Amino acid sequence: MQVNEYKPKIVAFCCNWCSYAGADGAGSARLAYPAEVKIIRVPCSCRVNPMFILRAFQRGADGVIIAGCHPGDCHYTSGNYFTRRRMALLFSMLDYLGIERERTRVEWISAAEGAKFSKTMSEFAATVASLGENKRLEDLRCKQ
Amino acid sequence: MKKLQKTQLQPFFAALAANASLYLPVDNEVGKAEFKKWQDGVQMSTALNTLRSAKDFFFPQTENLMEFKMEGKRIDVIDTREECEDFVLFGVRACDAASFAILDRVYLVDPVDTYYKNRREHGTVVTLACGRPAETCFCGTFGIDATDPAGDVTAWELADGYALRANTEKGEALLASVAALLTDTDTAEVEAEQARVRAILARLPLSGLTTEGLGEGMTKEFFARPEWAALSEACLGCGTCTFVCPTCQCYDIRDFDTGHGIQRFRCWDSCMYSDFTKMAHGNPRTSQLERFRQRFMHKLVYFPDNNDGIFGCVGCGRCLARCPISMNIVKVMKALKKGGAEQ
Amino acid sequence: MQAMMEKRAKELLADGTVNRVLGWSAGEFPYDITPAVFETAKELEDAFVYNDFCAANLSKYLVKESRKEGKILVFLKPCDTYSFNQLLAEHRILRENIYVIGVPCYGKADVEKLKAMGIEGITGIVMQNGTYTVETVYGDQTVKAADAMAERCLSCKSKKHVVYDELLGDEGEVDADCNRFDMVEKLEAMTPDERFAFWRGELSRCIRCNACRNVCPACTCEQCVFDNPNSGVSQKAAVTSFEENLFHIIRAFHVAGRCTDCGECSRVCPQHIPLHLLNRKFIKDINEFYGDYQAGADPEAKPPLGTYDKADREAGEGGRH
Amino acid sequence: MNETLIPYAGVVTEITGQTPDVKTFRVEAPEGGKLFEHLPGQCAMLSVPGISEAMISITSSPTNRDFMEFSVKKCGCLTDWLHAMDEGQMITVRGPYGRHFPVEEELKGKNLVFVAGGIGLAPLRSVINYVRDNRANYGRVDIIYGSRSKEDLVYYNEIVSEWTNTPDFHVHLTIDREQEGWDGHVGFVPNYISELELSAVNACALVCGPPIMIKFSLPNLLQAGFDKTQIFTTMELRMKCGIGKCGRCNIGNKYVCKDGPVFRFDQLDELPDEY
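Chains as they are written, first to last, in the numbering used here: chain L, 108 to 251; chain V, 1179 to 1521; chain Z, 138 to 458; chain H, 149 to 423.
Derived by calculation from the structure, the hints in this document are not laboratory data. Hints are supplied without guarantee of correctness; some may be wrong.
Here are some chain Z residues pointing at chain V (derived, C-beta under 8 Å) [stated by the list, open to error]: (1) G164; (2) G207; (3) M254; (4) I344; (5) V362; (6) D364; (7) A374; (8) V376; (9) P407; (10) Q408; (11) H409.
Sample of chain L residues lacking proximity to chain V, with all beta carbon distances greater than 10 Å (derived) [claimed, not checked]: (12) V149; (13) G167; (14) D180; (15) T184; (16) S229; (17) R248; (18) C249.
Note that the structure is a prediction, hence the values are computed from the model and not measured. A virtual CB, placed ideally from N, CA and C, is assigned to each residue, including glycine.
Kindly produce the complete structure, drawing on both the sequences and the hints.
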C-alpha cells in the first residue's frame, strides 16, 4: 500500500505588477515551483487584508505567502510599504496567539525574478511541510 | 424526601455520571461559574449562579440543522439529526428552571421544534434551591420561589448534606439510580432552610418589585410611551442582555459553504441587532429605540399576551449584572410603571 | 466632585452655553450607572451622579450627540479624553458642538472585584477616604478602595486630560512607568503552545455578543465588516474556534494604531475575556517597531498604520523572535 | 418525527418572465406532482442552499393539482439568484406557512373585490384562480389592478385571455402614467377604487400591494361603504423560521408568519403602529 506523502496547501497572494509576472517568468524559464502553491492575483500586495489571510487558513491553507514588489518599486508608489507595516503587526499577533509564525510570510519578488519566485515558493512549501497540517487556524467545517 | 451526606457528594456525582453525562456549575479560568461536564475531581462551584444561563443545553448558541449536497442542478437534503444522549444538569437555580418552561412554550407548541424536544426529553434537571441570593435577584417578582425550584429533582443545601425531592418520573428514576447513597428524611430541615432564605429574599432591594400594571393587553398603553427614548438612549445595540438571558429564544438560520456542501445552522440572534429585521428592500426597525422597545415589550407584554399572562422574564438578574451600560429590565419596568402613574 | 460638576452643568445650561449634558445617571444599586443625556436642572438633580463606579467612557456617544441641534456638555475622565481626540482626528465628532469638562479620576472601582471577595446582596456603598463601606443584606463590610479598583486602572497610563475646555480639579500626569505591558510580556515569554492554550481558554468563552465592538470608541464604522452578510463572516455566532479567533484578531487589528487603550472592551465583556491584551499587543508592537505612539495624545499626529518609513523592518523580522 | 425546518427539494420545471423584474417559477416534486398542499394566501420558504431562504407567497391556486407557482420580484441575493437560474434547477421549499384567505369561510358566497398593485397581485392570484375553479360559490368579482406601466403588469396574458372571459369577472387595469399602446385607464389604484363606484353590499375586499397603495386604498374602500371587517390584506416582513419561533416578524403580539400573513383590517387596528 502506498502512503500518501503530506503536501501542504499554500496560498500565494501575488501582486499583479511584479510577483505575478515573476511567477510567469518562472514558468517560461521552466523553473519549477510546487504544485501545491495556489496563486491569487491581487492588484497590489496592500490589497491583501488580514481577513484574506485568515480565510485562506479557514478554507484549508497550511501556509499563506504574500508576494509584492520590492520596497520602492510599488506600481502605486507606496502600497507595499503599508503592506509591510500591516503584516508585521498581523504576523506578530498570530505569533502572540500561539499560531506558528512560519506559516505566514511576505516576500518581495520582481517581475524579473522568476528564479527567486521558484526558489521562495519551494522553500516556503518545505518550511510549511515541516510544520505539518494547519491545526490552530483550521475550521473543522471545511475539512472533508 | 431523601438526604445525601456532604461527604457523599463526589460519589453521588460519580454515580450520576456513570449513567449519563453530568453537567454542573464549575469555576472557570477567571473564577466565574459555568456549566461544565463533571469528571473525577471536578468540584461544584459555590457561586450563586452561572455567568451564562442553562438554556444552552436545550437551545445551544449554534447547532447544525441539516446539510445540502449540491451537484449540478441537483440538491440533496440531508437530515443530520441524531438522537441526543441522556444527560443530567445538576445545580440549576429556580430562575433558570423556570426559563425552561418559558422556552417550552415556544419550542414545544405546534409545530414542535424537534431539535429542542430531543434534548429536552433526554435531559434530567436537578435544581438547587438558593441559599444566598444577590441584590440583582428578583425571581419573586414573577412568582418564582427561589427556595422551592422546579425541575425533575429539587435539591436543598443543608449544613451537613443535601435534601433531595423527586418531582417527576424522570426525577424518581434518577434518585432510584443512586438510592444506595441516599437516606430517608423528613421535611423539617428543608422547611427551616426555606424560612431562613425567605427572610433574606424579603430584604433584597428588588423584593418590592411587582408586575402590577404590566403584562397582557398593555400594548397600546406602552407602545408609544415617551420613556422609551431615555431608556434606550445609551443602549449600545450589543447582544449581551439577549445572550445571557435564559428566556431569550430568537434565532437566526444561516448557511455555511464548507467547500464540499452547505451546512445550514441555527444560532442565537438578538432583536437588539440592527440587521434583525433587515430585508432586501429596507428595515422596518431603523432605530435602536424600536429595537430596544421590541425586546422589553416582548418580555413584558407580547409574551404574556400569547401565554396566559406568563412573563418572558424569570428575574435571574443576569442582564442587571452584565449590561455594559447598566440598562436592564428592572429599570424599564420601573420607568414604565412610574410613567403610567404620572399619566 | 459630583456637586461641583452638577453646579457647573446647571450654570452652563442656564446661561445657554449648552443645551444638553452628557453624564452618568444613578441606577438601582450604587454601582449600576448608565450614561445619560440631561436637559434640565431638575433631571440633573434627580439622577446625575459621579462616583467611583462611573466607568463608562462617554466619548463615543458624541458621534451621535454632536450631530444634534445645539451644544452638548460632556464630562470626560483623563482616559476618555484620548478617545475624544482620536474621534476628533478621524472627523467622527463635531468639536464645535461640544463643551468638554475634564473631571479627575483616581481609578474606577469594579463591582466584580467586590463580588469576587464574596460580597453579595449589595444595597449601598459609602465611599469615603479610600475605603468602601459596603452595605449588604448579609451585613456591612469594609473594603479598601484600592482592592476594588478595576484591573485597567491598576496600570493607568495617564491621569492627564489631553483635551478640555474647562478642567475641574487638578491636572494629573502621564505615567510613563505604568506597567501596562506586563501581562503582554508575560504572554510573549511563554511558548507558542502555552500561548495558544491561554488564548483558546479565553476566546472559547466568547459568546459573540459584540459588546466589545459596540462599546469601543474606535469602532465607529457606519457598517461593520462583521455585519455584512456577504462577507461570509457570521455576526452573531462563533460557530467554530476559527471564528472566535477570526473575530478577535480582526476586531483588534481594525483598531490597531487607533486604540487609545481605554480598556472598555475588557470592562464590558460579559465573559471576562481580557480583550485589552490583544489591543495592548498591537500598541506595544507599534511602539517597538515604529517608535512610541499614543493614539489620541495628539490629534494632529500621523497614525502609524497610515504612514510608513522606507527603513521599516520586514514583516516577521526581529523583535523577540 | 418530521421537522418543519427541513425543506423538500423541488425542481423548477418552468420559468416565465412576467415583467422586466418579475419571473414566475413552476415547482414540482422530483417525482412529479406537488410538494405539498396549501390554501390560497399561504406562503412557503424558498431557498437556494448557500444563498439564502425567503418567504414567498404561493401564487398558484390549490385547485391546480400538478404544480406550485411562485412569482418573484428581483430585489435581493436570493431573488437575484433565482432570476439568473435555468429550468431544471432544484431549489428547496418548505411550508405551507401562515393563515390563508378565508375562501371557504367568510369569503364564500360573497361578491369579491380584489385590489392589487404591482407584484401584490401574486398572492391574490391564488384566490382569483381558486374562485374561478369554484365559480358557483362566489358572486360578482371585480379586479382592480395597477402597475407602473403596461410592461409591469404581471400575468397580463392570463388576465386578458382567461380572467376577463370568466362569467361576471370585471377586470379593471390601470397604469400610473400615459403610455403609447395603452388605451386603458391611467391613474393610481386608490383613485380608481373611488371612480368605480363599487358596492360593499355582501362583499369582501382583498388588498395587496406596496404599503403606500394599501394606505391610500383603505380610506377609499371605507368611503365606498366597506367595513374594516370586510377588508383583508396580506403582509410581509423578514422571516427565518416561518413558524413563529425565530422572533423577528412580529407586529405587537402577532407573528406575520404564523398569525398572518393574511389579516383582516380590524385585526390590524389591534396591533401597535410599528410599520
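Verification of the hints:
1. With a least beta-carbon distance of about 5 Å to chain V, the hint placing G164 of chain Z at the interface is held under the 8 Å criterion.
2. Because the smallest distance between the Cβ of G207 of chain Z and any Cβ of chain V comes to about 16 Å, over 8 Å, the interface hint for this residue is violated.
3. Interface hint status for M254 of chain Z: violated, as the beta-carbon distance to the closest one in chain V is roughly 11 Å, over 8 Å.
4. For I344 of chain Z, the shortest C-beta to C-beta distance to chain V is roughly 5 Å, which falls under 8 Å, so the interface hint holds.
5. Hint status for V362 of chain Z relative to chain V: violated, with the closest Cβ pair at about 13 Å, above 8 Å.
6. Of the supplied interface hints, the one on D364 of chain Z holds, with its beta-carbon coming within about 6 Å of a beta-carbon of chain V, less than 8 Å.
7. Given the 8 Å rule on beta carbons, the hint for A374 of chain Z holds: about 3 Å separates it from the nearest Cβ of chain V.
8. For the restraint placing V376 of chain Z at the interface with chain V, the shortest Cβ-Cβ distance is roughly 5 Å, inside the 8 Å limit, so the hint holds.
9. Below 8 Å, beta-carbon pairs count as interface contacts, and P407 of chain Z has one with chain V at about 4 Å; its hint therefore holds.
10. The beta carbon of Q408 of chain Z is positioned within 8 Å of a beta carbon in chain V (closest approach about 6 Å), and the interface hint is therefore held.
11. Nearest Cβ of chain V to the Cβ of H409 of chain Z: about 4 Å, under the 8 Å cut. The hint holds.
12. A cut-off of 10 Å between C-beta atoms confirms that V149 of chain L is not in contact with chain V; the least separation is 21 Å.
13. Against the 10 Å criterion, G167 of chain L falls within the reach of chain V, whose nearest CB is about 7 Å from its own CB.
14. The claim that D180 of chain L lies off the interface holds: its Cβ sits roughly 36 Å from the closest Cβ of chain V, which is beyond the 10 Å cut-off.
15. Remark: the non-interface label on T184 of chain L is consistent with the geometry, its nearest Cβ contact in chain V lying 37 Å away (cut-off 10 Å).
16. With a least CB separation of 26 Å from chain V, S229 of chain L remains clear of the 10 Å interface cut-off, as annotated.
17. A beta-carbon of chain V comes within 10 Å of the beta-carbon of R248 of chain L; the shortest separation is about 5 Å.
18. With a minimum CB-CB distance of about 5 Å to chain V, C249 of chain L fails to clear the 10 Å threshold, and the non-interface call is violated.
Violated hints, in rising order: 2, 3, 5, 13, 17 and 18; the structure is consistent with all others.
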